[in-house]
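Chemist: Numbering (this note's numbering), first residue to last: 1 to 373.
If you're looking for bench data, these hints aren't it; they were derived computationally from the structure. Please read all numbers here as calculations on a predicted model, not as lab measurements. No residue lacks a Cβ here, since even glycine has one placed at the ideal position from N, Cα and C. One or more of the hints may lead you astray.
Pair ranges (Cβ atoms, derived) [claimed, not checked]:
id: 1; residue 1: A245; residue 2: P356; range: 51 to 59 Å
id: 2; residue 1: R182; residue 2: G111; range: 31 to 39 Å
id: 3; residue 1: D313; residue 2: T22; range: 42 to 50 Å
id: 4; residue 1: G138; residue 2: T331; range: 38 to 46 Å
id: 5; residue 1: V75; residue 2: S298; range: 21 to 29 Å
id: 6; residue 1: S167; residue 2: D313; range: 24 to 32 Å
id: 7; residue 1: A245; residue 2: S298; range: 42 to 50 Å
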Amino acid sequence: MPSKPPRAPRSANDAPVLDETTITDLPVSGTLPVALSGQYLRIGPNRIDARALPAEGAARRAMVHAVSLRAGRAVSYRNRWVGTDATNLIPFGSSILALGDGALAYELSAGLDTLRRVDLAGARRTLSSQPKVDPITGELHLLTFAADPSQLHVCVSPGGLTRAIRSMDNAPSRIRQLELTRDDVVLLADGFVGVTGRSGVAAEATWLEIDTDARHVATADAHGEAILVCATGPSLVRWVVHRRARTVHCEVLDATPQASPSSNPPPGAARRFLWTVGAGAAHKHELPAGTRRSHDFSPGRHPGALVFIADPDRSSAEDGGWLVGFVHDETRNEADLVVLDAQAIERPAVATVHIPRRIPDGMHGTWIPAVQI
Numbered sequence: 001m002p003s004k005p006p007r008a009p010r011s012a013n014d015a016p017v018l019d020e021t022t023i024t025d026l027p028v029s030g031t032l033p034v035a036l037s038g039q040y041l042r043i044g045p046n047r048i049d050a051r052a053l054p055a056e057g058a059a060r061r062a063m064v065h066a067v068s069l070r071a072g073r074a075v076s077y078r079n080r081w082v083g084t085d086a087t088n089l090i091p092f093g094s095s096i097l098a099l100g101d102g103a104l105a106y107e108l109s110a111g112l113d114t115l116r117r118v119d120l121a122g123a124r125r126t127l128s129s130q131p132k133v134d135p136i137t138g139e140l141h142l143l144t145f146a147a148d149p150s151q152l153h154v155c156v157s158p159g160g161l162t163r164a165i166r167s168m169d170n171a172p173s174r175i176r177q178l179e180l181t182r183d184d185v186v187l188l189a190d191g192f193v194g195v196t197g198r199s200g201v202a203a204e205a206t207w208l209e210i211d212t213d214a215r216h217v218a219t220a221d222a223h224g225e226a227i228l229v230c231a232t233g234p235s236l237v238r239w240v241v242h243r244r245a246r247t248v249h250c251e252v253l254d255a256t257p258q259a260s261p262s263s264n265p266p267p268g269a270a271r272r273f274l275w276t277v278g279a280g281a282a283h284k285h286e287l288p289a290g291t292r293r294s295h296d297f298s299p300g301r302h303p304g305a306l307v308f309i310a311d312p313d314r315s316s317a318e319d320g321g322w323l324v325g326f327v328h329d330e331t332r333n334e335a336d337l338v339v340l341d342a343q344a345i346e347r348p349a350v351a352t353v354h355i356p357r358r359i360p361d362g363m364h365g366t367w368i369p370a371v372q373i
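Build the full structure now, drawing on both the sequences and the hints.
Modeler: Structure representation (structure tokens):
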């Protein structure tokens with residue numbers, strides 16, 4: 001039997017970057033919205049031969065990239081190594097935290113310098129790289145990194161002064177991610193979705209087997225007695241979880257590969273829209289209808305994580321805002337920061353910031369408004 005041909009890479013943009021730099025006054029095509037002021041950041045692996053680095057940088061295996069926007073200007077691009085194998089980046093209070101599986105969190109400065117390790121879970125417990133900040137309470141929810149029944153769910157107060165810890169005793173395997181509704185915590189383990197209440201010392205979750213290779217929980221919303229959970233991976237799926245009846249119904253919303261989900265959850269209501277990335281395009285999914293609209297970036301242009309940022313002038317609409325993220329251009333071997341209108345995603349970009357540097361394919365993106373920097 002002939003062997004299968006190797007699968008072509010998504011893009012030729014995996015090689016690491018070998019230096020740090022700061023570039024100011026970036027050129028822009030189109031018009032940057034004045035209200036879009038802050039920093040877009042993305043983090044990803046940047047492993048290189050230690051001999052190519054000075055001695056003090058030999059342990060640095062991740063890199064964060066940031067573009068600062070202010071009042072309609074692209075102020076600067078900068079990239080910095082992070083002193084850990086970090087794969088996720090989140091703003092929490094006045095801090096920027098970098099997290100990697102099986103490590104402590106690292107705090108970064110506004111200029112992206114690595115400041116210190118942060119013992120968020122206490123007792124120097126290592127963490128999973130998939131935390132969640134509650135958009136209503138400001139609490140930070142974390143999972144410790146463990147493969148046994150001692151895995152913990154940690155909730156850190158908005159000021160970082162107190163924490164609540166409880167054991168996830170009955171998990172079928174290591175819990176990889178959590179998502180929040182107003183009253184429940186939704187958990188993702190290999191082959192299982194779990195639901196438990198948000199309070200209590202020990203979390204006796206209801207675990208239900210799922211028959212999909214989901215990689216990332218995108219949304220979780222209460223819907224009467226059920227919880228609607230959307231997840232991305234080889235396809236976009238929705239699980240209708242009935243905790244009391246101990247049943248879960250799975251439906252495929254989009255059979256094509258989906259990644260990097262972003263949303264704008266309305267308070268007290270289920271989400272209507274979800275934005276994702278896949279196969280050289282950005283997608284806007286209308287979840288109740290099961291439909292999508294797309295923005296094709298054209299051949300040779302590969303989008304990374306796109307983040308939804310609300311427009312203050314359109315705050316009454318769930319989709320009133322922009323999608324912002326890096327796009328790798330194979331022809332130039334450089335990156336652009338692209339701004340799309342989230343309401344009309346199929347239209348040409350609102351603005352494109354041209355960066356005379358290559359930014360390797362990354363893992364997670366985040367937006368920090370100017371008021372938090």
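Chemist: Please list, smallest to largest, the hint numbers that this structure does not respect.
Modeler: 3, 6
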